[in-house]
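Undergrad: Residue strings, one per chain:
Number of protein chains: 4
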Amino acid sequence: MKKLSIGLVGSGFMGRAHAQAFRAVGGLFDLPFEPVLDLLAERDEATAADAAARLGFRRHCGDWRRLVEDPEIDVVAITTPNRLHAPIALAAIAAGKHVYCEKPLATTLEDARAMAAAAEATGVVTLVGFNYLKNPMIALARELVAGGEIGEVTGFRGIHAEDFMADPLAPFTWRCEADNAGGALADIGSHILSLATYLAGDIRSVSGRLHTVHGRRPAAAGSAEMREVRVDDQAHALVEFANGATGSVTASWIAQGRKMQLAFELVGTRGSIAFTQERFNELWLYQAGGAPGRSGYRLVTAGPEHADYAAFCPAPGHQLGFNDLKTIEVKALIEAIAGKAPAYPDFRAACELERVAEAIHRSSAERRWVDVAEV
Amino acid sequence: MKKLSIGLVGSGFMGRAHAQAFRAVGGLFDLPFEPVLDLLAERDEATAADAAARLGFRRHCGDWRRLVEDPEIDVVAITTPNRLHAPIALAAIAAGKHVYCEKPLATTLEDARAMAAAAEATGVVTLVGFNYLKNPMIALARELVAGGEIGEVTGFRGIHAEDFMADPLAPFTWRCEADNAGGALADIGSHILSLATYLAGDIRSVSGRLHTVHGRRPAAAGSAEMREVRVDDQAHALVEFANGATGSVTASWIAQGRKMQLAFELVGTRGSIAFTQERFNELWLYQAGGAPGRSGYRLVTAGPEHADYAAFCPAPGHQLGFNDLKTIEVKALIEAIAGKAPAYPDFRAACELERVAEAIHRSSAERRWVDVAEV
Amino acid sequence: MKKLSIGLVGSGFMGRAHAQAFRAVGGLFDLPFEPVLDLLAERDEATAADAAARLGFRRHCGDWRRLVEDPEIDVVAITTPNRLHAPIALAAIAAGKHVYCEKPLATTLEDARAMAAAAEATGVVTLVGFNYLKNPMIALARELVAGGEIGEVTGFRGIHAEDFMADPLAPFTWRCEADNAGGALADIGSHILSLATYLAGDIRSVSGRLHTVHGRRPAAAGSAEMREVRVDDQAHALVEFANGATGSVTASWIAQGRKMQLAFELVGTRGSIAFTQERFNELWLYQAGGAPGRSGYRLVTAGPEHADYAAFCPAPGHQLGFNDLKTIEVKALIEAIAGKAPAYPDFRAACELERVAEAIHRSSAERRWVDVAEV
Amino acid sequence: MKKLSIGLVGSGFMGRAHAQAFRAVGGLFDLPFEPVLDLLAERDEATAADAAARLGFRRHCGDWRRLVEDPEIDVVAITTPNRLHAPIALAAIAAGKHVYCEKPLATTLEDARAMAAAAEATGVVTLVGFNYLKNPMIALARELVAGGEIGEVTGFRGIHAEDFMADPLAPFTWRCEADNAGGALADIGSHILSLATYLAGDIRSVSGRLHTVHGRRPAAAGSAEMREVRVDDQAHALVEFANGATGSVTASWIAQGRKMQLAFELVGTRGSIAFTQERFNELWLYQAGGAPGRSGYRLVTAGPEHADYAAFCPAPGHQLGFNDLKTIEVKALIEAIAGKAPAYPDFRAACELERVAEAIHRSSAERRWVDVAEV
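Protein chains in written order, with full-length UniProt numbering: chain A, 1 to 375; chain B, 1 to 375; chain C, 1 to 375; chain D, 1 to 375.
Mixed in with the good hints, there may be bad ones.
All copies of an identical chain are treated as equivalent in the list; a pair is satisfied when it fits inside any one copy or across any two copies.
[As the list claims (entries may be wrong)] In silico lysine to aspartate or glutamate, EDC-like type, Cα no more than 20 Å apart, as pairs:
1. Lys2 - Asp30
2. Lys2 - Asp371
3. Lys340 - Glu110
4. Lys340 - Glu120
5. Lys3 - Asp50
6. Lys2 - Asp50
7. Lys2 - Glu366
8. Lys3 - Asp63
9. Lys3 - Glu335
Source of the hints: derived by calculation from the structure; they are not laboratory data.
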């Protein structure tokens, strides 16, 4: 089988997840290419050497530029701090590589647009790591909507809430930097925006309210020095979809007790869907018209009749884990490279999501509704 | 024991609930007065006679004016169509009666203000039927907030969704009339606004979006004649609280599959509360600082250690029903009349809730943030 | 309307619940008789006088014998300690009264049999207070089984667990007395046995294991004196039903954290039902044969299309409380007295439940399977 | 790093799961050895060649004997039909290989005993695939018990229910063969027995009831020929633990609607634990002594503070999947081979579980309590 040479830039949380997914995918799916963990780049040689050994890469280098220009590399996977997404991706595209980039796509909308344009100009395959979209239960939700099984979508109410910044003494990090795609909305809110768009269609107009609850945080864990925080700890927005549906979206990283409340309720004219990533192998489905006294929401459990599940397990109820979603994402990337099906969200689609987030930021700052088309 | 003579106007869903609550309350609570089901008024003599017999009232009359002026009557309970709340309440106040009125208080903010002013001028006791506030679990939530047990409130996310108008062929009713306090926000959204205010404090500013999904409905069940609908089927709003917290509120009567999703998540700096009226004998409580690996939301179940529960049952876990909430409300009314504690929400507090709803309507119409103080 | 004169013996937890139910029922249901809270008997005049005033009875007396013989009384309601059920019921039956008795029917199987025989001989109406059977959701479960909507029942797995005796220092009470129908199985296990029988049919054979976890308890709260406990704190039993189904039943009053886990899973050849009294306005229903990838347990919520619900509320999702179940029970009693439908469980049916419990006791003592027919 | 050469026999559901786990484990855990997918054996050369290619093994062979004798192989992993477990394992042990065998260990207790004895005689490492024990939440449960955090265990109530044989027309398979470790109890009931033992200690005595609901099944899917079934479709058992706790255990493969209800409630003198594999990243924990009105079961969500979770993800709430449990199992195997910690359950421990199952079978057949020591 033809090999697909993977170059990974970054080896943190998401770097490990990428490596693991590329390592696992071949044993699970029948693929057109065999991915090879080829070259790992980190900030310096020593870090790169260590990470390559740990994650099972053949080669390493201390400079992402070398990786991007390496003629052996087919795919550049980017899991660096957000600020580096644009330069690495643009260089990779220029070198004709396919690019698999973690979200958010970029730290400015201008960068995101440039990345999308570059990708379109060269025709390389791009994919952005909105892994929660790869869940078989989300595929089912989309299928239910597309097939009209819940009628026409009229309402969406979504949230992504966690609590990793809930402690007022949680220290300032790059996530708190306004010029580094920081803030709850950009950091995790993008996931609920991606689900909203994937299931209910494009967002046309927004009214947002960003809220910095903890305006000062320690410069480091335990430090007495305080740094000013300008990004949002929580954000709420009203949204209007292109198809006329309306809804609301919330993002928060100070939601005490929540670890992964990426959740939505989707209402259609003939049914409803409810979901939370906290129990992501389940989907709640209501369809109007059941027998009197016997109707209600149905608890659908992931099984081999749902997209991609059977690759992991032939029996229902066994459940996928987070890393499995990443593996499905990598499978989608490889199939897109083989021309089987377009990958989603590519740079253009991810750019559109950033546009929505930018519209919410502007709406909050200017205290008015903002059309996404303005941005 | 001194008797308290009850005059009830109206005998529909809520009329029956009032009668049942007045009938039950004396056997459950140790009260300063004994309520007597004295006089029932309906639109005509025959209807009144029938209802009085059914609901156990001693006397009846076919004109609410006679009831309001009856010297025997101590309390006027109003469960008529919304349009009649104001004239009946104003007449009752003028006659020196205490007034127990169903929500919404009035069909216009002007009426609501006049009612609140009249009540304050005469000093009669007033209470508006936001029965969900009387739940022991909501009393617990308020106690948790007031005692700082979840820190300072920073976020609120609430909804009241049902599906009784979800069918596009559900006929036009008075609930669809714009000048009769119609629409999902006014009809059921008021409940989630009352919870938001009760728990997180006054709402200062709003950005709302009302949405008429089904713009035409049959004039009557099965009718081919269609009437235009101008009120909202669903509404979303961003809210800013006086204390700086922010949040969102949703109301919908077209939420397929939902029967009583009056639900909220309340986030504080040191904990969180989650609640749904679908399981209203439960409260989810998270408090930061638990032992590592052993912390999480706690499922608190209503029991005799919570407000008012013990009056219904000495053992935990037995659960209150909807009518029991109404009974607690009536108990609060009687105690307020005896001067024991102010009733909440009285006409002034309910008027403030109508003001918020009005601000959301105006915000939606003018597509801008509206300060409640403007309204 | 003809009055039905109620004589209540006892005014504790269940006495109050009876009084409240008789007080409420007339305002909710269209009944053939109007129940009147007539005479209350307690252990002495003073207690009786106080209770009668509190619970709204017209008359009182300090001796249950006087009540039973009172010619005005139509119905004798018994909510005394278990030991008195038999003498009071037998005297009431002898006096031609209808009898409404709390569970367990008696403290010995001999007494229970005598009571059932006496009732059958005179033809009075009897009803035993297994109030959980009166839940509209349980009526639905029975309807689903009877109509074959889940096929033939093949398995039952039930439990009634609470934690009111979980503390090793919870003091010795009459519930701990072996000769007073004490122990977890007799006290609360009877509820799950009643559900098992009601839904899956008669139990034919049992293998039981009673377990006294805390063999000594303080003679009173805080007392240093310890009394020996001979009754079970928890009990498990295998059961075989007459129709061939098999299952297991558990009772425990030391189940830390449980307040009302009266729960079961009922499996049929074409579907399943799951239920817990902790959320008793809900029933989980699975029916085989759903659309691929869209099937699952359905969460059915109580509404006006279910038995008796509409009497309490015309709208779905509002929920009944524990006292409402007691009110439905009283309605069933009154209708049975009017000859409309037999009351269930009457003394005979309750006697059969005691027989099953006795069989479990014997099985545990003799460490062998016991046929109920042996007992 | 030293390599560990893996020889896998079988390539079905579990064969794939083993391969995937060995493939993934090195990228997640810091291991003493690097496992190498070396040799795969299947029933014939062609099947083996195909499977080796699919699962990523270097070599293949059409006879497990060749694999067992191959001097390069360090570990023999057995995922064949149950009947072959004993001969393969015995041969592997004789050849000095470590053995990783799927459950059930053998089809007869004699075989299981011989396997355990052989392993003990040679000192090779053995591990049996009770993968559900490897869940971080089960590790937490064990830690809570061991640390006395719920007091002393007094009760256990467990079940493993699925519905893959619920359809009466589900065809006869090897799982239906009595002499092939068939039946619900042996096939899936072993999982709940393993949990019971792991958490509450050794089982001393049992009273069981096996139930063949569907006594005849089609010889093959759609076939008109019917074969007699002698194994249980569902089984219930009472259990007594060596430490005095009592409980019940249920197994069923005809539980309509259930896909993975491997669930238990564990009651201790000072707290309780509840768990279901349907939501296996969660554990419900109750501890006595909470603040009045604020106590209840806590919903603990898997996170990096729990065993092994952090290897998969540094952030809480992301969730493990079924295959991740297998990966943890393989990690435990490799660490045991390196002498770091004994693997559990080894052949001896798994043999003890088979003894309990055999005692339940005997108890059901002889309709009496059976001490495990008898068997």
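Undergrad: Does each hint hold? Answer for all of them.
TA: Against the structure, the hints:
no. : hint            : verdict
1   : Lys2 - Asp30    : within (13 Å within a copy, 30 Å between copies)
2   : Lys2 - Asp371   : neither (46 Å within a copy, 60 Å between copies)
3   : Lys340 - Glu110 : neither (30 Å within a copy, 54 Å between copies)
4   : Lys340 - Glu120 : within (18 Å within a copy, 53 Å between copies)
5   : Lys3 - Asp50    : between (24 Å within a copy, 19 Å between copies)
6   : Lys2 - Asp50    : between (28 Å within a copy, 18 Å between copies)
7   : Lys2 - Glu366   : neither (53 Å within a copy, 60 Å between copies)
8   : Lys3 - Asp63    : neither (24 Å within a copy, 31 Å between copies)
9   : Lys3 - Glu335   : within (13 Å within a copy, 33 Å between copies)
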